[in-house]
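Take a look at the letters that make up each chain.
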Amino acid sequence: MKVSLYKIETKQFGRMDIDGDKVYTMPDGMPGFSGMKRFAIIEREEIWPFHSYQSLDDPTLVFYIMDPYLFKSDYTVDMEQVAREAGWEGDPAGDIRLYVIVNTSAGVPERITANLIGPIVVHTKRLEAIQLVLHNSLYSHQHRIFSGENGGGGADSRRAVSA
Amino acid sequence: MLVLTRKVGEKLLIGDDVVISIVEVNRGSVRIGVEAPHHVSVLRFEVYQRIQEENLAASRIGSAMDIQQAAALFRRQGAPSEVVGEKDK
Numbered sequence: 001m002k003v004s005l006y007k008i009e010t011k012q013f014g015r016m017d018i019d020g021d022k023v024y025t026m027p028d029g030m031p032g033f034s035g036m037k038r039f040a041i042i043e044r045e046e047i048w049p050f051h052s053y054q055s056l057d058d059p060t061l062v063f064y065i066m067d068p069y070l071f072k073s074d075y076t077v078d079m080e081q082v083a084r085e086a087g088w089e090g091d092p093a094g095d096i097r098l099y100v101i102v103n104t105s106a107g108v109p110e111r112i113t114a115n116l117i118g119p120i121v122v123h124t125k126r127l128e129a130i131q132l133v134l135h136n137s138l139y140s141h142q143h144r145i146f147s148g149e150n151g152g153g154g155a156d157s158r159r160a161v162s163a
Numbered sequence: 001m002l003v004l005t006r007k008v009g010e011k012l013l014i015g016d017d018v019v020i021s022i023v024e025v026n027r028g029s030v031r032i033g034v035e036a037p038h039h040v041s042v043l044r045f046e047v048y049q050r051i052q053e054e055n056l057a058a059s060r061i062g063s064a065m066d067i068q069q070a071a072a073l074f075r076r077q078g079a080p081s082e083v084v085g086e087k088d089k
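In the order they appear, the protein sequences are chains A and B.
Using my numbering, you'd call the opening residue of the first sequence number 1 and step up by one each time.
Using my numbering, you'd call the opening residue of the second sequence number 1 and step up by one each time.
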């Protein structure tokens, strides 16, 4: 177990010390941010169910992520694809955790969406992560996490998955 | 950009281990076969681009919205998928 400590000045929480065992390496980065290789998952009670996915290479780069099962209990991802693309074949499923990135750019909480076709998959033992790209998926890249007045994305994508 | 002409059934080799085959051509559509090692991801460009754009949009956080307010709303509503489920009935 690494005991290294990362010191970082974050946008939301100010100066923080981050334990090495919360820091994930993304060998391929993420689409649009391929040079960003190290991210920390910062869990804070006041923003739960969201967590910060904080770049350690660029302190100004941060995403909010969350557990997709909290708003879409039937969300599924092909774990064989994960293992193959990440090179984690044979590792216990319990070491692997799934998050989705939320988009808050609409400016109001009710219109927060989650990207269900690009989940962040992390390996808690290897401390590696990938952003999986689900091709041929019927999930939406802008799935409403709150059931909106017009139904949001929830009902639609649920139908699509079971089809 | 390198532009090549290939006939149906002909192939291209990219690097040491990626083979692209032209399977079928029909009215403006081309069916392409890709043989690549498992670790090489093959994606429709639009899908990659959509994720890239979504990542860029999602990274613009901060003053636009108070995440604590959104978190509080989520906690108040419980699991929204259950709400959708009830509407569906």
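For the record, the hints were derived by calculation from the structure and aren't laboratory data.
Each residue gets a CB set at the ideal place from its N, CA and C atoms; glycine is no exception.
Some hints could be false.
Derived, one-sided and incomplete: chain B residues facing chain A with beta-carbon distance under 8 Å [stated by the list, open to error]:
(1) F45
(2) R50
(3) Q68
Evaluation of the provided hints:
no. : hint : in the structure
1   : F45  : 11 Å, violated
2   : R50  : 5 Å, holds
3   : Q68  : 5 Å, holds
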